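Peer 1: Letter by letter, the chains look like this.
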Amino acid sequence: NAGVTQTPKFRVLKTGQSMTLLCAQDMNHEYMYWYRQDPGMGLRLIHYSVGEGTTAKGEVPDGYNVSRLKKQNFLLGLESAAPSQTSVYFCASSYISGNEQFFGPGTRLTVL
Amino acid sequence: GENVEQHPSTLSVQEGDSAVIKCTYSDSASNYFPWYKQELGKRPQLIIDIRSNVGEKKDQRIAVTLNKTAKHFSLHITETQPEDSAVYFCAAPGVNFNKFYFGSGTKLNVKP
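Order-wise, the sequence lines are chains F and S.
Residue 35 is where the first sequence starts when you use the working numbering, and the numbers rise one by one after that.
Residue 163 is where the second sequence starts when you use the working numbering, and the numbers rise one by one after that.
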């Protein structure tokens with residue numbers, strides 16, 4: 035099993051550009067999450083999904099959109115990138131709530 | 163939402179010594195408390211977790227204690243080794259248990 039994978043691993047954007055980050059899991063997990071990690075601030079939840087076709091806002095959702103059209107995939111979109119969105123983005127999944135989260139390898143995004 | 167505070171932000175110990183990291187949380191309904199280890203450039207990985215029906219859990223050199231009355235839980239690492247050097251994060255669930263709030267992290271440095 036590949037576990038949780040993320041595409042791409044690195045990306046550099048210019049302000050105003052758009053992009054989509056892809057997260058895929060092969061563990062048949064219901065729950066999926068998108069976090070951003072900034073120095074000294076830990077992991078902050080952007081959006082999450084409790085099942086196929088559902089999404090909900092986390093702590094820092096502004097400037098991001100998500101979709102969960104298939105159970106195994108969770109997409110994170112930036113419509114108009116800003117320098118404040120420079121960060122490392124982690125996707126995670128879990129079988130049920132209140133259980134271990136399995137993280138992907140991360141995507142390092144730089145917005146110039 | 164849940165407020166998770168983690169201390170200290172950095173911790174330096176001599177190899178063989180013990181290390182203790184403490185987290186406090188605000189939501190008294192929280193019932194699951196994981197600890198994650200993140201090595202430099204890697205993804206966070208679960209190292210130990212505890213549920214609210216027990217006060218302590220051990221796994222070889224690591225242990226977690228929970229004090230529900232005081233709303234704090236701690237990670238204890240005994241006989242530290244250089245490979246324990248990493249950033250450690252605690253987490254606690256939000257009100258609906260669908261999302262987690264992470265502490266800001268503790269950078270542990272084990273000096274040989």
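No lab work stands behind these hints, which were simulated from the structure alone.
Keep in mind that this is a model prediction, so the values were computed, not measured.
We put the CB at the ideal spot given by N, CA and C, even for glycine.
A couple of the hints might just be wrong.
What the hints assert, rightly or not - Below are the DSS-like pairs computed for lysine-lysine, each with C-alpha atoms no more than 30 Å apart in a straight line:
# : chain 1 : residue 1 : chain 2 : residue 2
1 : S       : K269      : F       : K43
2 : F       : K105      : S       : K269
3 : S       : K269      : F       : K91
As the list claims (entries may be wrong) - Some residues of chain S that are not near chain F, with every Cβ distance over 12 Å (derived):
#  : residue
4  : V166
5  : Q176
6  : E177
7  : V182
8  : S190
9  : K204
10 : L208
11 : A225
12 : K233
Peer 1: For each hint, tell me whether it holds in the structure or not.
Peer 2: Verification of the supplied hints:
no., hint, in the structure
1, S:K269 x F:K43, "24 Å, holds"
2, F:K105 x S:K269, "35 Å, violated"
3, S:K269 x F:K91, "29 Å, holds"
4, V166, "8 Å, violated"
5, Q176, "25 Å, holds"
6, E177, "26 Å, holds"
7, V182, "19 Å, holds"
8, S190, "15 Å, holds"
9, K204, "8 Å, violated"
10, L208, "5 Å, violated"
11, A225, "18 Å, holds"
12, K233, "17 Å, holds"
The structure fails to meet hints 2, 4, 9 and 10 from the earlier list, while all remaining hints are met.
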